[in-house]
Amino acid sequence: MHEQEYVLSVKVSNNNGVLPRVGGLFARRGYSIKSLNAAETEEPDISRLTIVVSADLRILEQIKNQLMKLYDVHEVKILTDAVTREHILIRAGNSVEDRHKISEIANLYRAKPVDIAADSIMLELTGEPAKIDSFLNLLKPFGIIKMVRSGITALERD
Amino acid sequence: MLLSGSDIIVECLLEQGADTVFGYPGGAVLNIYDSLYKYSDKIRHIITAHEQGACHAADGFARATGKTGVVIATSGPGATNLTTGLATAYMDSIPLVAITGNVSTNLLGLDSFQEVDITGVTMPITKHNFIVKDIAELADTLRLAFDIAGSGRKGPVLVDIPKDITAAKFEYAPMKPIGQAPAKIDEDELNTALELIEHSEKPYIYAGGGVISANAEGELKTFAELCDAPVSCSLMGQGAYDQTDRRYIGMLGMHGTVKAAAVLNSCDLFIGVGTRFSDRVIGDPTVFGKNAKFIHIDIDPAEFNKNVDVGCTVKGDVKEVLKTLCAKITRKKCPWTNEVISKNFGEPVQKGTDALPVTPQAVITKLDELTNGNAVIATEVGQNQMWAAQYYKFKEPRSFISSGGLGTMGFGLGAALGAKIGRPDKTVVNVAGDGSFAMNLNELITACAHNIPIIEMVINNNVLGMVRQWQRLFYNKHFSQTTLDARHINYAKLGEAFGIQTFVIEKNEDIEPVLKKALEISKSAPVMIEVRVDRDINVLPMIPAGKPVVDPITEIDLEV
Numbered sequence: 001m002h003e004q005e006y007v008l009s010v011k012v013s014n015n016n017g018v019l020p021r022v023g024g025l026f027a028r029r030g031y032s033i034k035s036l037n038a039a040e041t042e043e044p045d046i047s048r049l050t051i052v053v054s055a056d057l058r059i060l061e062q063i064k065n066q067l068m069k070l071y072d073v074h075e076v077k078i079l080t081d082a083v084t085r086e087h088i089l090i091r092a093g094n095s096v097e098d099r100h101k102i103s104e105i106a107n108l109y110r111a112k113p114v115d116i117a118a119d120s121i122m123l124e125l126t127g128e129p130a131k132i133d134s135f136l137n138l139l140k141p142f143g144i145i146k147m148v149r150s151g152i153t154a155l156e157r158d
Numbered sequence: 001m002l003l004s005g006s007d008i009i010v011e012c013l014l015e016q017g018a019d020t021v022f023g024y025p026g027g028a029v030l031n032i033y034d035s036l037y038k039y040s041d042k043i044r045h046i047i048t049a050h051e052q053g054a055c056h057a058a059d060g061f062a063r064a065t066g067k068t069g070v071v072i073a074t075s076g077p078g079a080t081n082l083t084t085g086l087a088t089a090y091m092d093s094i095p096l097v098a099i100t101g102n103v104s105t106n107l108l109g110l111d112s113f114q115e116v117d118i119t120g121v122t123m124p125i126t127k128h129n130f131i132v133k134d135i136a137e138l139a140d141t142l143r144l145a146f147d148i149a150g151s152g153r154k155g156p157v158l159v160d161i162p163k164d165i166t167a168a169k170f171e172y173a174p175m176k177p178i179g180q181a182p183a184k185i186d187e188d189e190l191n192t193a194l195e196l197i198e199h200s201e202k203p204y205i206y207a208g209g210g211v212i213s214a215n216a217e218g219e220l221k222t223f224a225e226l227c228d229a230p231v232s233c234s235l236m237g238q239g240a241y242d243q244t245d246r247r248y249i250g251m252l253g254m255h256g257t258v259k260a261a262a263v264l265n266s267c268d269l270f271i272g273v274g275t276r277f278s279d280r281v282i283g284d285p286t287v288f289g290k291n292a293k294f295i296h297i298d299i300d301p302a303e304f305n306k307n308v309d310v311g312c313t314v315k316g317d318v319k320e321v322l323k324t325l326c327a328k329i330t331r332k333k334c335p336w337t338n339e340v341i342s343k344n345f346g347e348p349v350q351k352g353t354d355a356l357p358v359t360p361q362a363v364i365t366k367l368d369e370l371t372n373g374n375a376v377i378a379t380e381v382g383q384n385q386m387w388a389a390q391y392y393k394f395k396e397p398r399s400f401i402s403s404g405g406l407g408t409m410g411f412g413l414g415a416a417l418g419a420k421i422g423r424p425d426k427t428v429v430n431v432a433g434d435g436s437f438a439m440n441l442n443e444l445i446t447a448c449a450h451n452i453p454i455i456e457m458v459i460n461n462n463v464l465g466m467v468r469q470w471q472r473l474f475y476n477k478h479f480s481q482t483t484l485d486a487r488h489i490n491y492a493k494l495g496e497a498f499g500i501q502t503f504v505i506e507k508n509e510d511i512e513p514v515l516k517k518a519l520e521i522s523k524s525a526p527v528m529i530e531v532r533v534d535r536d537i538n539v540l541p542m543i544p545a546g547k548p549v550v551d552p553i554t555e556i557d558l559e560v
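Residue numbers (my numbering), protein chains in the order written: chain A, 1 to 158; chain B, 1 to 560.
Just so you know, the hints here were simulated from the structure itself, not pulled from any lab data. For each residue, glycine too, the CB sits at the ideal point set by N, CA and C. It is possible that part of the hints are untrue.
List time: in silico EDC-like cross-link candidates among lysine to aspartate or glutamate, alpha-carbon distance up to 20 Å [claimed, not checked]:
{"hint": "1", "chain 1": "B", "residue 1": "Lys67", "chain 2": "B", "residue 2": "Glu198"}
{"hint": "2", "chain 1": "B", "residue 1": "Lys343", "chain 2": "B", "residue 2": "Asp279"}
{"hint": "3", "chain 1": "B", "residue 1": "Lys184", "chain 2": "A", "residue 2": "Glu3"}
{"hint": "4", "chain 1": "B", "residue 1": "Lys426", "chain 2": "B", "residue 2": "Glu509"}
{"hint": "5", "chain 1": "A", "residue 1": "Lys101", "chain 2": "A", "residue 2": "Asp119"}
{"hint": "6", "chain 1": "B", "residue 1": "Lys395", "chain 2": "B", "residue 2": "Glu187"}
{"hint": "7", "chain 1": "B", "residue 1": "Lys133", "chain 2": "A", "residue 2": "Glu97"}
{"hint": "8", "chain 1": "A", "residue 1": "Lys64", "chain 2": "B", "residue 2": "Glu198"}
{"hint": "9", "chain 1": "B", "residue 1": "Lys315", "chain 2": "A", "residue 2": "Asp45"}
{"hint": "10", "chain 1": "A", "residue 1": "Lys69", "chain 2": "B", "residue 2": "Asp147"}
{"hint": "11", "chain 1": "B", "residue 1": "Lys306", "chain 2": "A", "residue 2": "Glu61"}
{"hint": "12", "chain 1": "B", "residue 1": "Lys306", "chain 2": "A", "residue 2": "Asp45"}
{"hint": "13", "chain 1": "B", "residue 1": "Lys333", "chain 2": "B", "residue 2": "Asp186"}
{"hint": "14", "chain 1": "B", "residue 1": "Lys315", "chain 2": "A", "residue 2": "Glu75"}
{"hint": "15", "chain 1": "A", "residue 1": "Lys146", "chain 2": "A", "residue 2": "Glu124"}
{"hint": "16", "chain 1": "A", "residue 1": "Lys77", "chain 2": "B", "residue 2": "Glu11"}
{"hint": "17", "chain 1": "B", "residue 1": "Lys133", "chain 2": "A", "residue 2": "Asp133"}
{"hint": "18", "chain 1": "A", "residue 1": "Lys69", "chain 2": "B", "residue 2": "Asp186"}
{"hint": "19", "chain 1": "A", "residue 1": "Lys64", "chain 2": "B", "residue 2": "Asp134"}
Now the stretches of chain B that chain A is said to cover, found in silico as 3 or more residues with beta-carbon under 8 Å [as the list claims (entries may be wrong)]:
{"hint": "20", "stretch": "223–233"}
{"hint": "21", "stretch": "393–401"}
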């Protein structure tokens, strides 16, 4: 069966055991996680995990069923029509020769400079994962010193 | 009323009707054991030789009675000693509540003496687990633990309780356990299943442990009659269907009958009820039941399409699903069924030697005859387990107590003790091999100390027989580390040391008198039998792992 990426939105109890439970399930059953984002929701007792998995439809169904067996998991939704966003912080080389080009790329993507040093610059960008990818590709030639991606967060559309 | 945490624990056990618990004391559970002392007229505690034995005993108790078993262990090593028992129960969906002590909350996370993160350790081998860090949550957590263990697809739940929580005082008000209503069954799923059954000319029912767990043996019988289908049971399903009934065609799977394999391949509808399509049954999943359509009825939808692709699934409590189906099926008449159940597929060829003429098969068959198929048979794991499953004719659920999923050698003795305590009215026999027996024979101490009158039957072939069988077939007869000749165990003296009468069966003439004597003694005291058998008696039929369930091996040439 054809494997592709799916975004799961998982409502879980907000306790400190829940991440190892979910992570352990993926690890021991060999399901592949591309990214995982966890944070509180509008209900303080509930956290939302946004998990990007790579799976075929059969495994996707398994993941959903196995997650639902965990006592701390309340809802698993496979998002098809959703707003997906990712946040990135990136420190790139900022030599005198490149400074102009980097700032041009940043402007193009509306990335915000958040920290500037003598020879490097930290940029911040939020957007669809594809936009983040292409932004990264353009910055690569100037030397990426460090970066962190938040992983995807998503909410389904009404 | 204001009670200590440990008193609250015992009160919660009593709320749940748990009047028997298994366990082992220690530092972190001193408070709990002080409460057990106080409540000793209301709750019976069985101390075993080892926490693993206690966990298996609680498991055997649960399997034999249908109640949730309870085991108590101290922190650190006490808790880790439970893990094999918890994993065993988890794989076989057995309801257990394990209560472990832990160091006081101020010492948690500091590598304190006998501290272990047991909730972390047991995450993958429990249905759920808790650590109680606030006494206000103690009673409700224990209630929830019982609720989780005994509902849906059952399983073990561990509750870890730090010592200061058992010492603290809190207001306790008794509560009656709340049962859960079974989930609604999907109409569309039911109708698809009904349609498949209606159009089938060769339906075959395969029942698993889920039927026993749901107490659905009566519904299964009616269902089989209405479908006019032959019936097989999985290893875990032994006893879910009366094996003396004409429809029963034997176990299906690696060591199932030739008939069951043939029926699997000729049926047009395979109805799996309360089963998880284990790899030990399906062999090669790509060709399993390739001529048939499938219906899979189970309480756990995660089992659907996991190991085998099935078209039609019905999610729900097996008892409720079968009841609903039975009410809607028009009684069928399938000529094929009569044909296959009366057809003779021959017997596998068993070989022994003149020096040791007794075969395990003959002993189990005689045991079945003398107990009229009414005993509870526990097993260890390996050849002993398969012979017990193949040659004892189980008539009712909860009479076969065996580690099916995890395959835990050393399970049987503890489990048999738990089963006997749960069902004192039953004859309980643990069918062991000499290898498995040696793993946890310490529990003979428990049998004696509490005078739990079981029969420990050690089938002694001086080898790890099942591994040897595989080494013969697949490893060029390199009997690596499976020959136990150097052990020279004197079973009679061993039994005597524990205070257990021990008998030997080594000639065919011994079988009946020894079994009769043991059955008589086991009315009041534990008893052991050593059955000396040839090391090259194999478990047959056999389908090698991962191979199609077609033409099982029925004879193994020892000379080649």
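Hint-by-hint comparison with the structure:
no.: 1; hint: B:Lys67 <-> B:Glu198; verdict: violated, 37 Å
no.: 2; hint: B:Lys343 <-> B:Asp279; verdict: violated, 28 Å
no.: 3; hint: B:Lys184 <-> A:Glu3; verdict: violated, 33 Å
no.: 4; hint: B:Lys426 <-> B:Glu509; verdict: violated, 26 Å
no.: 5; hint: A:Lys101 <-> A:Asp119; verdict: holds, 14 Å
no.: 6; hint: B:Lys395 <-> B:Glu187; verdict: violated, 33 Å
no.: 7; hint: B:Lys133 <-> A:Glu97; verdict: violated, 59 Å
no.: 8; hint: A:Lys64 <-> B:Glu198; verdict: violated, 32 Å
no.: 9; hint: B:Lys315 <-> A:Asp45; verdict: violated, 30 Å
no.: 10; hint: A:Lys69 <-> B:Asp147; verdict: holds, 14 Å
no.: 11; hint: B:Lys306 <-> A:Glu61; verdict: holds, 9 Å
no.: 12; hint: B:Lys306 <-> A:Asp45; verdict: violated, 32 Å
no.: 13; hint: B:Lys333 <-> B:Asp186; verdict: violated, 27 Å
no.: 14; hint: B:Lys315 <-> A:Glu75; verdict: holds, 18 Å
no.: 15; hint: A:Lys146 <-> A:Glu124; verdict: holds, 12 Å
no.: 16; hint: A:Lys77 <-> B:Glu11; verdict: violated, 40 Å
no.: 17; hint: B:Lys133 <-> A:Asp133; verdict: violated, 44 Å
no.: 18; hint: A:Lys69 <-> B:Asp186; verdict: holds, 19 Å
no.: 19; hint: A:Lys64 <-> B:Asp134; verdict: violated, 32 Å
no.: 20; hint: 223–233; verdict: violated (count 0)
no.: 21; hint: 393–401; verdict: violated (count 0)
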